[in-house]
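Listed below are the residues making up each chain.
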Amino acid sequence: MNRFWVVFFIFWPIVAIVLCAIAPSMNWWFPGTTGPTHGEAASPLGQRIDDLFYMILVITAIVFILTQAALGFALWTGANRRNDESAKSWFSHGSHNLEVMWTIVPAGVLLFIALYQMDVWAEYRIKDNFPRERMEAVLTRLGIDFIDESQLTADGQPVRRVALAEVTARQFEWRIRYPGFDADGNLLPLLPDPQPTDLYSVNDLHLPVGAPVMIQLRSSDVQHSFFLPELRIKQDAVPGLVIPVWFEANASNEYTLLCAELCGWGHYKMKAQFVAEPEEEFLEYLHNLHAEQNDDAFLDHLLRLQTDAGEDEGLAFQEFLDQLEVDHNLAAFRNYVRDRRDEMTAEEFTTYVGGLDAETAAEEFNAILQQSSAETADAEESAADAATEEVLEE
Amino acid sequence: MVMSPLQFRPSVAAISRAACLALLLAAVLPISGCSDGQASYKHRESFEELAPFAKDYLGEKLDEHFGTPTQPVVWEDLPLRLHAADARVVASTSGSTGLRTLTVTVSDENLAIEPGMEVMFLSGARLGEEEIGWIEEYDAETGVITFETELTGPAPAEGDRVVFGPGAVIQRGRMLYAEHCQHCHGVSGDGNGPTAQYLNPLPRDYRMGVFKFTSTAQPARASRTDLSRIVENGIPGTYMPSFKLLEPDEMSNIIEYVLYLSMRGELEWRMTQFLATDYSQEAVSERIADGESRGEIEEGFAEAIADEGEIAEEWTLRVELITESWQAGQEESSTIYPREPRVEPTPESIARGRLIFLGADAKCATCHGDSGLGDGPQTLAVQPPDPLTGDVHTEPGLFDSWGNEITPRNLRSNIYRGGRRPLDLYRRIHSSIKGTPMPAFGTSLSDQQIWDLVNYVMTMPYEEYSPGVGSDPPGTAELRALLPPPMDPAAEVETPAADTTEAAADTE
Amino acid sequence: MSTIAHTPGAPAHPDDHAHGHPRDKLALVKQLISFSTDHKVIGVQFLLTTMFMLLVGGALALGVRWQLAFPWESMPIFGAYLASAEGGQIAPETYTMLFTMHATVMIFLVIIPVLAGAFGNFLIPLMIGADDMAFPSLNMLSYWFMWPAIFFFGLAIYFGAASGWTSYPALSALPQAAPGSGHAQTCWLVAVTFIGFSSMMGSINYMTTIINMRAPGMTLFRMPLTIWAMFITAILQAFALPVLTAAGFMMVFDRLHSLPNWLAWINPEGVHSCFFIPSGLVVNNAPPTVGGGQPLLWQHLFWFYSHPAVYIMLLPAMGMVSDMLACMSRKPIFGYKPMVYSMAAIAGLGFIVWGHHMFTSGMNPALGMTFMVSTIMIALPSAIKVFNWIGTMWGGKLHFNTVMLNCVAFVSLFIVGGLSGIFMAAVPVDIYIHDTYFIVAHFHYVLFGATLFGVFGAIQFWFPKMFGRTMSETLGKWHFFLTFLGFNGTFFPMHLLGVAGMPRRYADPYLHEYLEHLLPMNQFMTISAIVMGFAQLILIYNFISSMFIGKECDDNPWHANGLEWSAPSPPGHGNFASVPIVYRGPYEYSHPDAPDGQDYWMQTDPPHTAAPAREHDHSHS
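Protein chains in written order, with this note's numbering: chain A, 1 to 394; chain B, 1001 to 1508; chain C, 2001 to 2621.
Worth flagging that the hints you see were computed from the coordinates, not collected in a lab. Beta carbons: idealized from backbone N, C-alpha and C, even for Gly. One thing to keep in mind: the hints can contain errors.
Straight-line Cα separation of at most 27 Å, DSSO-like style, residue types lysine-lysine; simulated pairs [to be verified]: (1) K2030(C) with K2551(C); (2) K2477(C) with K2551(C); (3) K88(A) with K2477(C); (4) K1061(B) with K1042(B); (5) K1055(B) with K1042(B); (6) K2337(C) with K88(A).
Pairwise CB distance ranges, derived in the manner of DEER restraints [what the hints assert, rightly or not]: (7) Q1197(B) with G108(A): 55 to 63 Å; (8) S1413(B) with I59(A): 48 to 56 Å; (9) S1413(B) with L2537(C): 50 to 58 Å; (10) T1146(B) with T34(A): 29 to 37 Å; (11) A70(A) with F2253(C): 49 to 57 Å; (12) P131(A) with N1200(B): 41 to 49 Å; (13) E254(A) with A1381(B): 45 to 53 Å.
Let the hints inform the model, and build the full structure from the sequences given.
The following block contains the structure:
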């Protein structure tokens, strides 16, 4: 029976080691182990974290095996000694040399582990070590003027607004604020306070791939934690603090984003995604957000004018214009088309006005454009006149 | 005195052993006794006030047509997408013992047609056949279905309506609802799940068929798109979170189940209201006091629920009304689109918007307050009866149709529950927030005015404004001077004429 | 030989009234519900209470496991009897209550009181040769202060305290932030304060007793390691606990938005401080908070207590296991002084490692580096202890009885708990595994795998001294076997869940695609947990039945050396008939000079030749 217990105590570490060894093939390992990425971290920093993890794993595995083996050996010989009536225990109060040895060696190993971690941590969290240049290069490519001359840091430098999004955790979702576009369609820098131009989304964070990007993390109620398991990124969102977090996705993909700090009953519901995509697609995403958030659905109204007419072909163009006239909308429509002259083509135009063959539509379209540009010219002229007059008056 | 603590004699052993066993049993029994675990629909409070026979009638009627959460009934009268797929028979072939394959054209596929699904005929010769057919194989290209076992009985004719996975959408919707929604919105959709009591505002009670943030005008109901928009984006400023990452089919199944709960709830509500006039416990005892016998009343009730009786008619009518109003909501024509494009948010437009906001036509400020903080004088007034439920208010304050006190939106908080697009604000102003005192201005304001108002409201969070100095944003006094004089002389604020002119001069 | 008579059943004192008279059949009950100032009664009171609480905490844990294995399916007991269930599924806030109160009950009502309260009380005077504690009334109060704590924790369960045992603000500080942050949180804080008083009274008592009341000859370095551990634990408690109590009061003040009528004269608006609440938070549409407090302050204060508390929950078990291992290996403890020094080192370092709970919290990252070094270095004394335990067993004549099995399990499982600690001490790695199941695995390996197995062994070991009877070996082994298997089946896979990135405290992790495939593993773990949970009923049965029908034993059934074994079983009031005199350390097993060729040499046995004992006493230093 004694030996049964010895085997019992030797048995379980073996099971544990076997379990760990087969874990990756069973997909009980880093996210996506059996997928195309083989569980590799999706960010350079994450890969370095994984390397550190494996380093510690190797060291601890060796220690685990050695100590469990020593324990097993001690138990086995101890059990034999118990079975032997005449045997006596080894009378010893310990060994000074052994104590010194097994103090110094682990101390060295542990100190090595501790010091070896510093670099990765410093790069991830210490502001001076952020990959600032690469972050700013992304902003430059996106056309953001991120140097804010109007505000100075403590050392007299202009503030550099490198964050691309503000992620606000709240019970129980992630509210995301992106900078918007100015009147000329240039992307603006993200300011700390909400701006009328800002773009919003929820549970759906889009950022450029292949370069470090920064977000400002905050919480609007209780403490949350911003967790990107595939990228090995985690940072608590603390109420009252705005915390810069940077990360870099290696590949365009949709990554999981979830909360890792208890935030109430719906803690598990904070399911979101982080979409890493090329810069053009990111810009396009922002453009789409902009379009959606400024959509006044007037075109839908026009479309419905067509369908409500009940005919397959929709209204004839003249009828359509008449209808607009009745609604006092003709001028508005022309202005509308004019405002979208950069985006709208003659083909698109036909979908809204209907009842026209492509050729006539193109003619009408151009007519409207010409007419409206003439109007614009007039308006600009008169505005210029007015300005001149003002100057003269002064 | 010295005694030996904690030493016991075997004489106690027998009793103690029995006690130990009893203790162990007591520990084990509750663990083995599991709960029933069955979800069941709860009835509304007023239902419980009906006379027992009326309760029996309505309860059975609802169960008959809606079933229980775990066993929903397929009721074709409702405008719901109940089934995995809807199709028409094109042709069929027979094997040695009966129907072997079926060729169909699928008209409406909500869920993928998969092997193992039930096939149900809803018209033609096989309508009402008890034998159930199960799909063994389905070829999406040719539309050919092979049955697991051949079906005896009459063969279907071309054009017969056939559905696959009858009720599958509702069943799947109910499972997803239980996972994601039920703990707040409740098993019956009464907005009173276990978590609800901690939430402010309360979760929506679906059972009046009313949803607040819609793209349709009264009396049309919310469209499916409106509901999915809410599920997708959540409602900012409330505990309704965003479920953006649900798969599209999961989303539509949940919404179908929500509609199902809403229709069930509304039917229950309307019928209870109708029955309550004559057959509530109170009414029955009054009638007995007036000399009718219980037997007579029950007889009268039996007549009323028989075919063409008034209760049976009311049921039919209500089902029709509910069906129609929901169908109306789904039609493209009931979606509100602005007839004019958005007015550029120029300073002029914003100034016009502010005039409207403070003015007597729209009276926005009476609820939302001059500074838009949601603290207007109407929040302290007793309101007229609720137009939807007819409930009379005795307490001052604003109430929604569910009877909960609500506050007008603080327009400076930069939180827009129904969405932050200009279009969303346009719709809120144009066609109201359903079930709340927020009126619809679609007829009283022109599109241009609504857009001006939208432009003003959207600048309010960014407007310069220092709380504590006074509740008015800068320039309010000047604007007031431009407004028609207030109706109530008591509320008139004396503005020295000189000030106004000076201010006007400043502006110039 | 000692002059004390200790034949079984013989009166330790000539005036023992109990002997020869028909015993009061309710003596047990009367003893246990009396306000006794006898440290042994108090110890057993603590022990029985904590064993009951172990069942409560275990039931809460099974509720948690049930939800993780069968999410939203009808939960036995909780689902059926708790009001928050609807449609056969528990509400998510019930789940948050379950894990919050599981941790709370296990930490504050099981592990801390079973170590310091039960065994500290029972063993300290017996092992150092004192007749009782220095302050018997204080000792009595320290037990009875547990009951208000239990009452308020009970209320916290009833109201559903739900901000985790760590109670991070703003979730815990704002009543509107969560269902459990209302009265439940207040009750929780009150209960923690009571349990704090209880611990503090105990700790003052232990320190005083150990310093002042040692028997003649019981020098500090002749004390058993259990006593050293209790002493160091008491110091830890005395210095760390006030911080938690203060923090608890600060949070109560933050939460007091109105005072009861009889206190309204202080300020009708309530106290309403803002230590932990920053301004401008809008939660559940309540008015925005005012203040300018800092949530991280709570984390610092909380962990300044709660990290040392981890060692409060571990050191006494380490000490007891050392004693039991030496006895069951029939060998002196290997490296007595290094064992003492490493415990002291753990306690000292334990005060400067709290920040490792906050690596991702947003505190100054430079602090992260400092805390990483100190945290990793705290593994060193733990490693030394493990080596010494193995050294103790090495070359011994091992008894594979229940005591030994539990002690070996302690060492074997503590190795895992210690090694997994290195992962989370390393900050970059902790970024990923923080708040995942890896953490849950780690602290269960330490607190259950190590401490509770140590306690199971200790119950079996000192039971004869408590009741004069031995517990059943067969049942003990079955209990050990099932618990050990159940334990590893439940907690080892948690390491893998953690590496797979499964966050803690999720009522339904499977909403997230990358965790969906972990459901079968969780089901396996739950089945293991149920096996383990039911195995504890064996322990309870074994314990209670052995109190009455266990085999009667003599004073020293294990042939151990400690002073407690020279007192009668059970010891009478006053413990020893006359003051014992200590001649040597407690670990002289298999000493070549021991009398009559025995393999033990009790501390009270006078030396037949004085010289060798002295020599061996210090031979290792």
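When the hints from earlier in the document are held up against this structure, which numbers fail? none
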